[in-house]
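Here is how the chains run, residue by residue.
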Amino acid sequence: MHQQVVLAKGMVLMAIIVNQNTKVIVQGITGKQGSFHTRQMLAYGTKVVAGVAPGKGGITYEGVPVYDTVQAVLENHQVDATVIFIQAAIAKDAVMEALEAGIGIVVVITEHIPIHDELEFISYARRKGAILIGPNTFGIISSGKCQIGIPPNQFFIPGPVGLVSRSGTLAYEIAKKLAAAGFGQSTAVGMGGDCVKGLTFVEILKLFEADPETRAVVLIGEIGGDAEEEASVYIKEMTKSVVAYIAGKSAPPEKQMGHAGAIIRGGRGTYQGKVKALSKAGALVAEMPSEVPEIISKLLA
Amino acid sequence: MHQQVVLAKGMVLMAIIVNQNTKVIVQGITGKQGSFHTRQMLAYGTKVVAGVAPGKGGITYEGVPVYDTVQAVLENHQVDATVIFIQAAIAKDAVMEALEAGIGIVVVITEHIPIHDELEFISYARRKGAILIGPNTFGIISSGKCQIGIPPNQFFIPGPVGLVSRSGTLAYEIAKKLAAAGFGQSTAVGMGGDCVKGLTFVEILKLFEADPETRAVVLIGEIGGDAEEEASVYIKEMTKSVVAYIAGKSAPPEKQMGHAGAIIRGGRGTYQGKVKALSKAGALVAEMPSEVPEIISKLLA
Amino acid sequence: MRIFEYMGKELFNRFGLPVPKGKVVSCADEAALAAAEIGPVVIKAQILSGKRGKSGGIRFANTPAEAKSIALELLGANIRGYLVEKLLVEEKLAVDQEFYLAVTIDEGAKSPVIIASNQGGIDIEEVPENRILKVHTDVELGMYPFIARNIVRRLGLDLGSQHGKELVKAILATYQVFQEKDAVLVEINPLVFSGEKVFAADAKVIIDPDARFRQKDIPYVEGQTETEKLAQDLGISYVELKGDIAVMANGAGIAMSTLDILLHYGGTPANFLDVVGGTDTETIARALEILLAKKPKVIFINIFGGSTRCDDVARAYAKVKKKGSGIQVPVVIRLVGTNQDEGWRILQECGIKAYTDMEEAAAKAVELAVHAPAGSSS
Amino acid sequence: MRIFEYMGKELFNRFGLPVPKGKVVSCADEAALAAAEIGPVVIKAQILSGKRGKSGGIRFANTPAEAKSIALELLGANIRGYLVEKLLVEEKLAVDQEFYLAVTIDEGAKSPVIIASNQGGIDIEEVPENRILKVHTDVELGMYPFIARNIVRRLGLDLGSQHGKELVKAILATYQVFQEKDAVLVEINPLVFSGEKVFAADAKVIIDPDARFRQKDIPYVEGQTETEKLAQDLGISYVELKGDIAVMANGAGIAMSTLDILLHYGGTPANFLDVVGGTDTETIARALEILLAKKPKVIFINIFGGSTRCDDVARAYAKVKKKGSGIQVPVVIRLVGTNQDEGWRILQECGIKAYTDMEEAAAKAVELAVHAPAGSSS
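Residue numbers (our numbering), protein chains in the order written: chain G, 1 to 301; chain Z, 1001 to 1301; chain E, 2001 to 2378; chain F, 3001 to 3378.
Derived by calculation from the structure, the hints in this document are not laboratory data.
Each residue gets a CB set at the ideal place from its N, CA and C atoms; glycine is no exception.
Errors might be hidden in some of the hints.
According to the in silico footprint, chain F covers these stretches of chain Z (three or more CB under 8 Å from chain F) [what the hints assert, rightly or not]:
id, stretch
1, 1067-1078
2, 1093-1106
Straight-line alpha carbon distances no greater than 30 Å define the calculated DSSO-like cross-link-like pairs of lysine-lysine that follow [claimed, not checked]:
id, chain 1, residue 1, chain 2, residue 2
3, E, 2110, Z, 1249
4, E, 2023, G, 128
5, F, 3216, E, 2165
6, E, 2110, Z, 1276
7, E, 2054, E, 2197
8, F, 3051, F, 3134
9, E, 2165, E, 2023
10, Z, 1128, E, 2134
11, F, 3110, G, 128
12, E, 2092, E, 2054
13, E, 2169, G, 32
14, F, 3023, F, 3086
15, F, 3294, F, 3319
16, F, 3134, G, 128
17, E, 2353, Z, 1032
18, G, 298, G, 236
19, E, 2197, E, 2242
Using the sequences and the hints, build the whole thing.
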């Protein structure tokens, strides 16, 4: 097993963004996804203090009181974070509702939200100084403390590895492999699979860099976009080691977004480019998912 | 003449918002109003560093270089403030242009701007942390130092009185009477005659309260709205004396904005209500414009 | 600019806010026909005034004959100072509950505000403040369904009920009218539940006159006197009063102050006229002609030049004086500010000396009015 | 979702952005008629691909006869892998200057970006970076004429000139299309000056497929194979490849990684299939049938359950196995995550044991494919 982090006297094990005290609400708690994952979150120990479902205010679900609106929740509870399980066409309304109410952490699970809607709520989150995770993310899990979202949580055990991923299932895959090798995660964050995202690699890496519980970071990327190239710029400055895995080595070049996409990206986005940028910045790049725990083993041995 | 303000060693005479160093641009410099008042401002000594007139970039007017856009000005000049002489239908575009470019003081002379446009640019000014004076204002004049806008400046002489007014012509009227009685103004600010305003009485009073050059403040209000009632709340806290004059004593009750207006105002807006609120807060209320210099005389004797 | 109830309801209809079935009529036979088609109806005088009900402007008819007789009575009548030219003949709703709903602008907060109450009806101003919701919106954020849901919830309605859902939609539609039509007020009193549906039973809509250039589909409503209309066409602000001293000033503040001072000295103003900043010789001349047409005892021009320039004012005076019948009533001119020297010179050429102090000039105007020969007033 | 040039131009037209006079035709006689009406024309194959010019898809005709013969040649032809079914027959413009103009989304900046260059034409990617303007917009602020004016100024044009004014309008219209039609790309290359006017000579518009529910007036363009279409109707992501191992995974990341690993072990994937999160038994069963229909040597199902639940996947397998002809090719299933125990139990009942490690399972799939009897592949 990995070495215990040496803690200053009185200091508790930390995590980034969410921890055992984070009070969470679920928007869309009565829907298929919302209700299922509320049970999972509760089982994991997440402090789910309330749910929101317009028109269903007054009922309770798994012991959690349900309200009609976020404002109604806030009249009765202290809330730190919300998780959005609202269908894509009306998700923007729910995200705006949470942000406008002043909730500081908004986790948007919903996929297929129109990108123009995403641009709007990401911009509003920035104006409100809120952390927005996603959209189209598995959420965030601070191992053993708090899970917000949909990750299958049995593989997320406490430990020294920070994990951030563009892909949900690849994050689970690698978390499971890490757990099998004896390495738990301080926190795992799903950046989200859509082309625009609230929190990005750089912001998440900065939090891991500052988190005393995290000793190394695993970054899971994909071809397309330039998030990994941007991350590389910050990785250069980090004191903690970063292990990266990039999916899509064998994929045909993505269908171009006209010349405009090429102009904006300036040639970034390919597997080779990402691996090169990350390696140059000092990240250790795994060829296969199974190599990630091997590299972490060496680093944290 | 009034007594000189005692200044700390090395301290220069001050004013609020603008002074002799304020670098000003004129948006709409080639129009009838813009060109006329640019000459007046230059004559007063205002540092008009550039003008904006789309399609006329490259010319000079009264020695002032003209540019196509605000951005083009900023590529060549340092700018502190702008004054907008752009026709109402497209004024929002010009105000947004100035705010987006980061100009910190925006004086909107234009009248008849649609109120929904005003709401938008006032909100954006707030977000950008900019001071917006107006719309539908005569502007601002720090006597002997800088005039931004359209006041007939011969009556604005340096002195210890701060002046803020909802009405342009009444401000001139009272400034002239004050000057005739030997009292100049530190700064005179036109709050603007429209129902929504950028800077309001309270914000301006706070600046006067903090300005060492200002010894007393003249507030010129009107019936309607609740700006004077709001101001009264702050006047209570002020150390400096406030002399108020409210126009509209004889006016028939204003045509109501439905019940909604009444609900929002909660009975405020009448002459009597304003005078009562101001008096209760310790302001000295003049019955006629000519009483203002009389009261000031007694206060600053 | 206020528009008639039926015009407001046409707007509501366009934005998906249900209104009762109805017809606008301008003769009694049409009213009978509408009643025959609709059934029991409410007949509403289309005038730009509230309190129509209390003044007999809202009536009920069960039969076409009744509708005809009520229409005959209302059409051409004068209600609260307004001539009734059109009637709205509307389906009489079975009212289950009445709400008050409005969107307007809160000057102090510098933002739109939604006002709602479950105590709708004619006497909303009597409703205690804690029964009236006021919800401000952020203009950059805009309107969202969640804002409407919170209002409906706070009105005590079940968001899951048909009524709750309909009310959310009604609030969104009302806000949309406010936003897209450059309204300064959209007021619905009452908004009613009738059966499963929500209806705007009344419509008070005021459009920002400064936005008329981009709201060309909004019908223009004339609720003014001939002179007020003439003034509006000139872009100047004019209100008729009952005195004998015609007043012209520049700026709403100084114009109001001028009236205050005239009254202070014992005079009575014939009007409020603000030439508004930046007008030219021609406009000021036409404004002066409006005042002359009123045949006052005295004309008092009180100008403190800012964007209005003294020379333009003087030239306007000279122009009118030279034209046609000239100026037959005494004129007191107070003229200072921008280009005052040139203004004074022009006036001097016309044989008139400008005052510089407005109190002094006002006192003179009052004196002249008091001593004017009888019969020269309108 | 990409739409054809002529559809993009219809949009431009609706938003006030001028396009050359033109007609869409689907037979040679119509092309001749169009040319007769328009005069000298350019005939453009309507395919969802760039570089049409270099591939002979853009041609010129001076006479109707010429137009007909070119149309005969192009219609039904295959250009860059696409069947030409329609042609756009357009007025041949006298081109004075060519610009590049696009609005798209900058992922890194999380905001829209306007891209413009005065070096328009087919080879924009060859233009040096310092000749290409990139202007980001603030979604809360929105688009304003001043932003367009700055772009036009920085392109070196006189804002007072007719061209300058037209270009400002063109930029505003382009942005409006982007904004109001939920586009992820609106690209005009070239935007041309012809005489005093500005025309969009080409139109590359991609609409956000996730916004189709509110963009119902945008025609749906099918640029996919039958299988891809079938998959899309199911709401799953599917791309055909050339190998013999059919793949199903959940999540784009793990699906890509699965292909990478298969290749790593010497296998060749027949497809990319991401069932996307949250699908149910029925959808997964239909996805499996899609794979079966491809007659691969092996099917490799790689599921890490999150919102996709292992029991749903196992049930889908069981369902397909019991149905009709069942499952005739070897299936390797790797199944872990949400509800994995229940999933394993169901699979066991079907006589199949789930793998837990994806590399191990992938290696097995490759081994089976390599040793599969000849002829069982598609």
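Going down the list of hints, with the structure as the test:
1. For the stretch 1067-1078 of chain Z, the stated coverage by chain F is satisfied: 5 residues place a CB nearer than 8 Å to a CB of that chain, which reaches the threshold of 3.
2. Residue count for the stretch 1093-1106 of chain Z with a Cβ under 8 Å from a Cβ of chain F: 5. That meets the three needed, and the coverage hint holds.
3. For the hint linking residue 2110(E) to residue 1249(Z), the alpha-carbon distance of about 25 Å falls within 30 Å, and the restraint holds.
4. Restraint check for residue 2023(E) and residue 128(G): the C-alpha separation of about 48 Å exceeds 30 Å, so the hint is violated.
5. About 25 Å separates the Cα atoms of residue 3216(F) and residue 2165(E), which keeps this hinted pair within 30 Å; it holds.
6. For the proposed pair residue 2110(E) and residue 1276(Z), the alpha carbon gap of about 24 Å is at most 30 Å, so the pair holds.
7. For the suggested pair residue 2054(E) and residue 2197(E), the alpha carbons sit about 27 Å apart, so the restraint of at most 30 Å is met.
8. Restraint check for residue 3051(F) and residue 3134(F): the C-alpha separation of about 23 Å stays at or below 30 Å, so the hint holds.
9. Taking the CA atoms of residue 2165(E) and residue 2023(E), the gap is about 28 Å. The hint holds against a cut of 30 Å.
10. As the CA atoms of residue 1128(Z) and residue 2134(E) are separated by approximately 27 Å, the hinted pair is consistent with the 30 Å bound.
11. The suggested pairing of residue 3110(F) with residue 128(G) holds, with an alpha-carbon distance near 16 Å, which does not exceed 30 Å.
12. Between the alpha carbons of residue 2092(E) and residue 2054(E) the distance comes to roughly 18 Å, so the proposed pair stays at or under 30 Å and holds.
13. About 26 Å separates the Cα atoms of residue 2169(E) and residue 32(G), which keeps this hinted pair within 30 Å; it holds.
14. For the hint pairing residue 3023(F) with residue 3086(F), the CA-to-CA distance comes to about 10 Å; that is within 30 Å, so the pair holds.
15. With a C-alpha separation of about 19 Å, the suggested pairing of residue 3294(F) with residue 3319(F) holds against the 30 Å cut-off.
16. The hinted pair formed by residue 3134(F) and residue 128(G) meets the criterion: a straight-line CA distance of about 27 Å does not exceed 30 Å.
17. A threshold of 30 Å between alpha carbons decides the hint, and for residue 2353(E) with residue 1032(Z) the separation of about 29 Å falls inside it, so the pair holds.
18. In summary, the hint linking residue 298(G) to residue 236(G) is supported, as the alpha carbons are separated by about 20 Å, within the 30 Å threshold.
19. Distance restraint check for residue 2197(E) and residue 2242(E): the Cα-Cα separation of roughly 49 Å exceeds the 30 Å cut-off, and the hinted pair is therefore not satisfied.
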